[in-house]
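Asker: Read top to bottom, the protein sequences are chains D and C. If you read the first sequence in my numbering, its first letter stands for residue 2, the second for the next number, and so on. If you read the second sequence in my numbering, its first letter stands for residue 106, the second for the next number, and so on.
Read the hints as simulated data drawn from the structure, not as lab findings. Check each hint, because a few of them may be wrong.
Unchecked claim - Listed next, the in silico DSSO-like pairs over lysine-lysine satisfying Cα-Cα at most 27 Å (straight line):
1. C:Lys206 x D:Lys70
2. D:Lys239 x D:Lys212
3. C:Lys159 x C:Lys176
4. D:Lys212 x D:Lys222
5. C:Lys217 x C:Lys159
6. C:Lys327 x D:Lys448
7. D:Lys235 x D:Lys212
8. C:Lys185 x D:Lys448
9. D:Lys239 x D:Lys340
10. C:Lys217 x C:Lys327
11. C:Lys217 x C:Lys206
12. C:Lys185 x D:Lys70
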Amino acid sequence: MLRSVYNWLDKRLYLTKLFQSTAGHHVPANSGSWFYVFGSATLLCFILQIVTGTLLALVYVPSTNEAWKSLQYLNHVQYLGWYLRALHNWGSNFMVALMTLHMVQVFLFGAYKYPRELTWVSGVFLLVATLAMAFTGQVMRFDEDAYWGLGIGASITGRVPFIGDRLVHLLLGGPIIAGETLSRFFALHVFVIPAIIIGIVGMHLRLVLTKGINEYPVPGKPVRRDTYDGEYEKIIEKQGVPFVPDAIGKDLIFAALVLVLILAFSAIFGPAGPSGPPDPTRVDTVPRPDFYFLSVFAALALLPDWMETIVLFVMPVLMVGFLFILPFISGTGEKSARKRPVAVLSVITIFLVLGTLTYMGDTAPWSPKMNAWSGQSVPVDLLQHRTPLEMRGALVLQNKQCRNCHSLEGHGGQRGPALDDVATRLTRDQLIRQVIQGGGNMPAYGKNLSPAEVDALVAYMLTLHPPSHPPARDSAQPQISGNPNAKERGVGEAVRKSMTGKSQ
Amino acid sequence: MKAAAAALPLIALLGFNSGCGKPTGQAKQPEAVMDFHQLFSENCSACHGVSGQKGAGPRLNDPLYLALVTKQDLYNVIEKGRPGTPMPAFAQSSGGPLAEKQIQAIVDGIEKDWAKPVNLQGAALPVYSIAKAPQGDAKRGQAQYMRNCMMCHGFGSFKGMAGPITDPNYLALASDQYLRTTAIVGRIDWGMPDWRHRIPGHVMNDQDISDVVAWLASQRPKGYMMAENQSTNNSSSNRSGPGSEREPKQ
């Protein structure tokens with residue numbers, strides 16, 4: 002009975018044929034490897050993103066006024082709303098990570114070479130589209146990170162030659178981040194880019210079917226344009242197995258693992274943000290992009306002015322352009338990573354650079370900690386046995402916000418050198434000069450400090466040296482027995498007098 | 106495989122039950138923070154110490170000090186700061202970061218957590234405010250200094266173990282009110298006794314304290330008058346650059 006129904010349907014829909022030419026197509030048996038599971042796992046993440054994203058869109062309000070509130074509603078009021086947000090967030094993290102793994106694997110296994118150039122090119126399109134999803138998704142989480150991330154994105158766009166202003170206008174729906182901005186990004190994130198991704202994924206998969214899955218590379222067996230197609234046919238004939246059910250096993254196990262991990266990470270670590278509301282009048286924010294853009298964030302923060310145009314506009318074009326033409330400049334030859342040291346070293350180098358930049362982006366040692374002056378207390382052991390003047394100096398250190406850039410015992414800003422042992426590096430006179438005149442990236446504080454404040458501050462800093470390490474001493478002056486800085490009341494006095502004289 | 110299959114629902118279940126990933130509080134506008142401990146640690150602990158003591162600035166976790174000052178005194182100082190000293194103004198009306206109700210929350214928190222009944226052991230609590238205290242006499246103050254303070258803070262070439270307080274730069278950064286308050290309550294956390302325990306069997310009285318403060322004030326060099334009494338010191342007229350937003354407004 003069932004069989005006859007199936008046959009009736011099959012005669013009209015050609016189901017068996019469809020199965021045989023897609024899921025049942027023959028693949029090389031050795032491609033059923035643990036290295037070949039990342040692509041399908043990325044697709045799984047994308048499907049999960051569509052499902053969770055659709056559910057989120059039922060509640061989310063894409064308006065600048067309501068977005069942040071509707072996220073709060075999801076987090077705190079809607080039953081399991083937080084879990085839904087967490088799934089979407091971790092699904093996106095996993096998607097970016099798995100896509101990267103997939104790409105690295107394809108690169109190292111030479112799978113982009115003849116005749117699969119278009120598979121690789123469509124993959125590069127998917128890479129760009131996925132990163133665009135990640136960025137627009139970060140904007141959907143309309144908090145302070147999103148707001149400032151958007152601001153940076155817009156000002157980068159604004160520097161595109163000739164059409165920069167118009168592009169910004171198009172992107173933001175006006176010259177500034179306002180009412181229409183979020184609607185535009187919502188449309189991009191929910192309609193435009195997903196549609197593009199679905200289209201390209203279709204092409205990507207079709208190419209996998211027509212050109213076949215790359216056989217497991219064998220060192221010493223280079224690809225040659227004239228012989229490869231025949232060789233591949235032979236491999237399929239000799240040791241081909243249907244993808245379903247023979248080769249799909251590892252994909253399924255890995256997919257299950259990825260699903261469990263996403264479910265577990267979402268339950269344990271929860272959703273990202275939203276952090277503070279997207280309020281441009283709040284200046285004491287420390288906005289950070291999501292982890293996949295931390296490396297860009299770090300690079301932009303660290304590069305010198307004159308490199309900005311190059312890094313912003315020339316480098317991305319070169320990098321993506323290189324990815325596009327890669328299969329055409331190295332379309333033949335060795336596939337195995339064992340015979341391609343340059344490829345392996347490139348991957349290692351790229352990941353070292355990205356990893357370092359991401360770490361730096363996360364810690365951001367270049368940005369001052371704007372609340373250290375009032376929130377990071379002076380360590381107790383750095384206050385013990387200090388004179389009343391030195392204690393006042395510690396207060397000046399806090400009150401003048403030195404801690405925002407200089408740390409004590411690891412707490413405080415990292416922009417300037419730590420002050421724990423500053424007395425071993427600078428003498429009293431050098432400290433006074435540095436505080437008053439600044440230099441080496443430090444602003445001059447002479448006009449912000451009274452002579453008494455300078456004196457107290459320097460007196461305190463002179464106590465900052467390890468007990469085993471004596472303070473620095475002026476080699477032009479004969480060493481005086483005892484503490485070389487204790488007697489120098491007279492020097493401070495002279496400085497004070499000269500300063501008072503100057504400002505009057 | 107079986108173990109993995111069993112682990113899946115278990116992990117999911119654990120996640121939901123403990124809900125460790127579930128967001129607890131929402132990110133707040135800084136003006137909406139009303140928790141005393143958060144407010145104190147973000148705004149006060151840097152100078153006054155993590156738990157209100159052992160900081161470089163005055164000890165607030167001190168029942169004696171809290172018996173001496175009123176809540177209004179605390180409020181006023183936090184609101185307007187002490188111009189010329191390292192205590193900045195925190196009220197938004199004075200250019201600081203805190204709303205009025207947040208300052209009130211800090212004052213209430215300090216009183217609630219740290220104020221305790223003090224056993225004065227028969228001694229009278231001196232007057233807090235320098236304005237209401239008896240007029241000090243610098244000459245008598247020097248004698249009081251020699252008697253009560255010199256052992257630790259030294260005099261002339263004798264350096265006491267606690268370091269000098271007659272240093273002109275120290276005095277330039279310490280208001281008369283600060284000197285008076287410290288003379289009364291001491292700094293128990295750093296080992297400085299209060300007004301009752303400097304010399305065995307002797308308790309300083311209101312007049313003694315005023316005299317010592319008057320003498321210390323007389324040691325302050327000219328042109329270094331405390332900003333609380335004058336406007337501010339001479340270098341403040343052209344203040345600009347980093348840190349200026351926290352400067353007390355004139």
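Asker: Could you work out which of the previously given hints the structure breaks and list their numbers from low to high?
Answerer: When the structure is compared with the hints, numbers 10, 12 turn out to be violated.
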